[in-house]
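Chemist: Going by the UniProt record's numbering, the sequence shown opens with residue 1, and the numbers climb by one from there.
Think of the hints as simulated: they come from the structure by calculation, not from any bench.
Keep in mind that this is a model prediction, so the values were computed, not measured.
In this text, a Cβ means the ideal position worked out from N, Cα and C, and glycines have one as well.
Possibly wrong hints are sitting among the right ones.
Simulated DEER-style distance windows between Cβ atoms [to be verified]: (1) Thr-10 - Arg-64: 43 to 53 Å; (2) Leu-35 - Gly-120: 16 to 26 Å; (3) Ser-45 - Met-107: 35 to 45 Å; (4) Arg-53 - Val-19: 41 to 51 Å; (5) Tyr-63 - Arg-32: 26 to 36 Å; (6) Tyr-63 - Ile-13: 42 to 52 Å.
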Amino acid sequence: MVHQLHDGMTVRITDNETVSEAFAVTNGVKQRCVLAPTLYSLMLSAMMRDAYRDEQPGIRIAYRTDGHLLNSRRMQASTLVSSTTVHNLLFADDCALNTVAEKDMQMSMDLFAAGCASFGLTINTAKTVSTYPLNKPKQCIEENAYDGNCTELVLSITLRN
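Construct the entire structure; sequences and hints are all you get.
Modeler: Shown next as structure tokens:
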């Protein structure tokens, strides 16, 4: 179905009011295509599953699916409580790697880098940062590196409305 939406796609390029001849597009998706974020998410999820298959760095969460999501007393019961490890959070074309301990961040970055390499993806080190909570002194944070390049350390991220 996805193939049919893009099969036979052609484009023209306009430069200084000069329009090129139409030519076939053989890879990628149409700009502003609603499928692009879905395809990205599916591809990155497959890559992350492959990269983290034997390792467990991330944030472990417990949850219930019986309609009592916010009832913390019910979370103490061992029945109907499931748990999972959240390795990453995806937003648009960004990916946040999650770890609880500083020592896990380097392992997580190494796993992510290996996964990217096996899928033919390149990490933009200029846009890669490491964040840590405000209650951790900076000297406790090890420099995390990818491919020999240290990532920028950011004290915290503040979300604004």
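Chemist: If you test the structure against every hint from before, which numbers come out violated?
Modeler: 3
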